[in-house]
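Relying on the hints, combine the two individually framed chains into one complex.
Protein chains in written order, with my numbering: chain A, 1336 to 1714; chain B, 55 to 376.
Just to be clear, a hint being listed does not mean it is correct.
The calculated label-pair distances, taken between Cβ atoms and stated as ranges, are [to be verified]:
hint, chain 1, residue 1, chain 2, residue 2, range
1, B, Gly-204, A, Ala-1699, 42 to 52 Å
2, A, Ala-1577, B, Gly-204, 36 to 46 Å
3, B, Ala-135, A, Leu-1700, 21 to 31 Å
4, B, Ala-197, A, Val-1573, 25 to 35 Å
5, A, Leu-1700, B, Gln-92, 40 to 50 Å
6, B, Ala-197, A, Ser-1685, 52 to 62 Å
To give a feel for the contact side, a few chain B residues facing chain A, derived at Cβ under 7 Å [stated by the list, open to error]:
hint, residue
7, Cys-117
8, Leu-119
9, Gln-143
10, Tyr-147
11, Lys-151
12, Ser-153
13, Leu-158
14, Phe-166
15, Gly-169
16, Gly-172
17, Asp-300
18, Asp-303
19, Lys-306
20, Thr-310
21, Val-314
Hints listed in this document are in silico derivations from the structure and should not be mistaken for laboratory results. These numbers come from a predicted model, not from an experiment. Yeah, the Cβ is synthetic: ideal placement off N, Cα and C, and Gly gets one too.
Listed here are the chains, written in short residue letters.
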Amino acid sequence: MTAFLRRTRAIARKEFLHILRDPLSLAMALAIPFFMLLLFGYALSLDVDHVPTVIVDSNRTPQSRDFISHLQGSRYFDVIDIVESYAPAEQAIQRGKALVVIAIPSDFSRQIQLGNSVDIQVLLDGSDSNTANIAFGYAEGVVGAYNATVRAVFANRRGAGDVAPAVDVTTRVWYNPDLKSKNFIVPGLIAVILQVIASLLTSLTIAREWELGNMELLLSTPVRPRELILGKMSAFVVIGLADASFAVLVGRFFFGVPLRGSLLDLGISVLSFLFGALCWGLLISAIARNQLLAYQMGLLTSFLPSFLLSGFLYAIGNMPVPIQAISYIVPSRYFIAILKGVFLKDIGYSIMWPQLVFLFLYAALVFLVATRRLNQKLA
Amino acid sequence: MSTTSHVAEASVSAPAVSIQRLTKRFGDFVAVRDVSLQVARGEIFGFLGPNGAGKSTTIRILCGLLEPTEGSATVAGFDVARQPEQVKQSIGYMSQKFSLYDDLTVAENIDFFSGIYGVARHLRAERKSLALELSGLTERQEALTRNLPGGFKQRLALACAILHEPPVLFLDEPTSGVDPIARRDFWELIYQLSAKGHTIFVSTHYMDEAEYCNRIALMYRGAVIALDSPTALKRHLGGSSLLHLDTPDLLKAMETLSGVDDIEDVSVFGGGLHLRVKDSQAGVAVTRRLLDAAGIPIHRLEPVEASMEDVFVSLIEAEERK
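Okay, chain B solo, but in the shape it has when bound (with noise of 0.2 Å):
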């Protein structure tokens, strides 16, 4: 495998990709909305949001699938607008529909995209053990990819992305509708792509994925809000802290708590309420004191550690109160 190492690209100086003020509209809709971001080699970069926020969009534009409206980007050093065919010679993409062929076998699947990804005939071989070990598949190379599992697919399609070693891989939300243990999987083989040089453009709405990345930026509504690694965007909670209220009346709650001006912010967490507040033991002492005089009971209430979803949840309170 000593080939995987050195991934070609245009330029070796380039960003993997640079995205220039970039905007796409469907007609009156604003798909992506003044778009600048840079990827640098070799990193994971997480696209994170709703459904709808233009994170899909963005990545077929990347990808020549759709035609920018204003702006540019470049993608290994490429015009996505200018040089698609260089730029489709320089990508993976796996897109969330699977999208490989159901009625054919591992093995053919694999010699279908080697022959149009236009893998040179000495090195077929060699490719293809390498996308069965990666798929974990190799003992089931005559298998119709209709009969495997779904967390298999996933690797086959991934492996399939590869096979003419592209440095960069745009995976949109490849792990949609994967149980938890083949998703973890899925990202240690992210992992190890990662490690041999391939920069990993990944888009998901799973907050628990966000950790796995470099970076992240959060798309909502068409625009990037937030950018940085995950580490920095839960310190970027901006040195509040977070405690975890679990009541039987959570409504009620809620109600007491939302406009107190100790508590920054009040939002139901799993079964319970999550609260923003600038001191944690003035926050439970004046959590305490409203429940109590409410008659409120409280099961539990203690400072805990930010998750992901709740930098989110923040960051998108934080946009619609513009």
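Bound conformation, chain A alone (with noise of 0.2 Å):
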């Protein structure tokens, strides 16, 4: 047991000084998360508000004006501009400026008048399909809620008294009231981040000593393969654990993301995600034997996955039957389930055991293979 820490222990120093004299991989370690970060915090929001949104008035009387400015008052419309003929719009709309067209016909306050019903022109920028859908639901929210102001005055002006709308339907979203995506990004992230560095900066050390002749030697000596993995990993560990701190701290204070569960739960998620992606990325190493391939494989089967298949920004749920079943094999996937829990519900381990089982279970897997792996002769 001594013979096994000693090693260990020889094993978790070198490896730290390694990381400490290559201003590169430290940089990796560091930069990467911090842009990741800031890109996925800042530049992806799948929410969608403040729309371009250019209006066609051809009516331009009181009750038109009075239309335009409910969809003023609406912060998903962004109102840059009024025209009054469809040759300006149409031009917004090529150039970028607008994504939607709100066309207000010429008979609008008449056709009011005489409570008749009207129809609203809402033209889309379809480029941008997923935007254009959801802002065409908002365009409908808003001349709905019209209607009913418009309905309500007529019914005031025949002396019918406020008339009450027969059913009301009344939303409540729990744990992300305000449907902010980075509410969710950002947890998510925090796997992602994870994943890529684990198994990036993992990837390339075993390769690194089979390309340099010193695996070689290790296999001489003494040094056992569970030795060489716990070693390289532990030393590994600090780094992701420092990468997990800075990205839950930014996530937390400058993003504002709530943390409701607790540090200690998102420290033992952390920890057993890590285990399993640390040796991933050794089994990796121990496989290519040459850094280049390594990076290359660590980086495909690191980011892809975690990216597309866990559930990080696209709902399994709405993917083919095969991918879904290949996602059930992805640790992100269950990482993720874990830290969108721990920040937004504060889930306990009554919730969470079985996505930790299988994050324990991958990781004790995967070490176990590595081992295996390392334990062969040189040919």
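Printed below as a string of structure tokens:
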């Protein structure tokens, strides 16, 4: 046991020195999380609001201006221009200045006075179909609300008093009441960052030992594969924890993501995920024996699945069934579920234990495979 | 340094290295062919031969890095195939590829190897200062290894390989790529270690280094074709003598002298030719007669002492004629 600890500690110490003396990998370990947080936290917002909108007002009456003020009052639309014909509106869409054109017909106020229904035309820039779809929904909402006010006014005039709508749906969103996308992007991002950092940094280390010929020497010494892996891992756990803490702090205080669960729950899940991700990088490294190949394999097997197949951005339920099946073996899927739960809902172990168990089993399995892989002789 | 004199081994009586009918194949290629040999404890055993002769493969098998295809071997009394962990505890290995960590300092490298060889805590300081002394780096222990001259790196690698005082030391072409003076210093280090009781198994393709060994095995195409002490091998040149011939027309002289009865062998040596003859006086006479007849001028023709290189050239040529 003492020899085991002695050798593992020697490996860990050496690995630390490698990291400290290699400014490139150290910079990578710190810069990647920073830029990913910046990029995704800021630029990647799935919220659609302040859609640039041009209004074509062919009616130009107090009635149409009243409708326009409804649109202007909504935070979803950012009315950048009010014009009287289609030509300038069309240009605004073509130049990318506006995503939506809302056209009010010339008989708008007259038809309303007569109590008839009026068609409002909504033109959408379909090149961004997702935003167009959402903006269309917003437009329907605003028109619906306007309908209700107009009807109430008419009913009033007829002396019927205030008329309550027959059915009123009151929506209440739990855990993320403002439906802010960064509230689920930032926790998911922690998983992506850890997966990428853990796999990329470790994927280089054993491959480098092979390339420089040190592996041959190590294999001739009493060092055992599990000591080599645990030693290397402990150095990278420190980096992983530093990155995770950084991401949590930025998420909590810079992006204002609520952290409702306990730091202990967070720490335990981060550690169990890190263990598996680091083992995965080491396994790749042991197989590739070549830094470039290991790096590419690391990137491919860590970034893509944790980004696309983990439920980070795209709901797994919307994916084709075979892809959904694959997502079950992506550890970030489980980790992201835990992270979102801990951040937004303060789920306890009674809810997240299956995910945690999976992460532990995954880590143990990859650790075993990596150890066996290193146990093989040179040829 | 009282602890260095008794080096622990599995069995006092066992030879340091014992190889029985060892064969290693890589697919169809036979890298090591039916090799058997024994190395006594405390010996400096040289493994000689051209590149690709199977020296490194044999050493790697002995270090437990490769599995033998056939045959068996013991190191310090432990079977390399069945007791790899015990073998690894008993050996130090230094390969031709420089294998310390370039981005660690001298002291950090020593500490690292101390750790992975499991040197006990109370012995570390002493072993470290000994290693620094051996490598001549006491004053430069905070220097990054990458900034050391090649000779010092080699000495440091050796010093790191013996931190756990292994009974057997495998050095695979330790001096390749090192300048001649550093090579001589390195061999002095090997002698020091041998005097302390380490068995040293060293491979090289430098013929002059063979003379430093107690015994040498010559490997050629995977097989050991000669095994003896350097003096015995030179004697083994078979009572023949060696003549050195300097002539401006090397090729024509070679043609003229080849296949002549009294001349056993003609080979290029340095800028001239080495002629192996049964009797040096008769050989000189025959050579003069033949070259004069062919009109080839002779600048110098005299008997010389056979070098290790002559021995190997003749052994390899004899092997090829088989």
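Earlier hints that do not hold, by number:
17, 18, 19, 20 and 21
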